[in-house]
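**Student:** What follows is the residue order along each chain.
Number of protein chains: 2
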Amino acid sequence: MPKFMDVHSGFVGVTEAQLKEAHERDLAIEGHEGVHFEHAWLDPESGKVFCLSTGPSKEAVMRVHEKAGHPTTEVYELPIEVD
Amino acid sequence: MPKFMDVHSGFVGVTEAQLKEAHERDLAIEGHEGVHFEHAWLDPESGKVFCLSTGPSKEAVMRVHEKAGHPTTEVYELPIEVD
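Note that the protein sequences, when read in sequence, are chains A and B.
Numbering of the first sequence is given in the working numbering, commencing with residue 92 and proceeding in unit increments.
Numbering of the second sequence is given in the working numbering, commencing with residue 92 and proceeding in unit increments.
It is worth saying that the hints were derived from the structure and are not from the lab.
Misleading hints may appear alongside valid ones.
Identical copies carry no separate label here, and so any pair may be met within one copy or between two of them.
[Said to hold, decoys possible] Result set (DSSO-like, lysine-lysine): computed pairs, CA atoms no more than 27 Å apart in a straight line:
hint: 1; residue 1: K111; residue 2: K149
hint: 2; residue 1: K158; residue 2: K94
hint: 3; residue 1: K94; residue 2: K111
hint: 4; residue 1: K158; residue 2: K111
Note that the structure is a prediction, hence the values are computed from the model and not measured.
With these hints in hand, go ahead and build the complete structure from the sequences.
**Tutor:** Pasting the structure below:
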């Protein structure tokens, strides 16, 4: 299953509880699109959020975020990774 | 130890072997700055690379990448995460 990183802006000053709540809205509906959001990281100073997911396509990832109320068009497919 | 995500652009068409080689240049010198690069993901179509690391500061992360030959100024501190 392809892996994706998506990026959100505008989350300045967001708390851990608020990020958790937003993430849980994704988790509640992601199954409809065959997507799973694995992890999300927030920089509350710049307002950037990075979400790592698996799913069938970029568009599926975008649809989940849009329905959950935090749309983004910045989604990258990640066929290559190292650690 | 603070966690960071940094973003690189311009890696269009880069292969897994090339990403591994670039990542190993970070790993070879990261200890001088107290940084550890945990993971890197590449979208070879857009040329974006996302690197997850731990370290003492953004500036330390930037110094390692600069000395390894792939500087970036786009580094985000990630005090909040969910999964």
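**Student:** Tell me, in ascending order, the numbers of any earlier hints that this structure violates.
**Tutor:** Result: no hint breaks.
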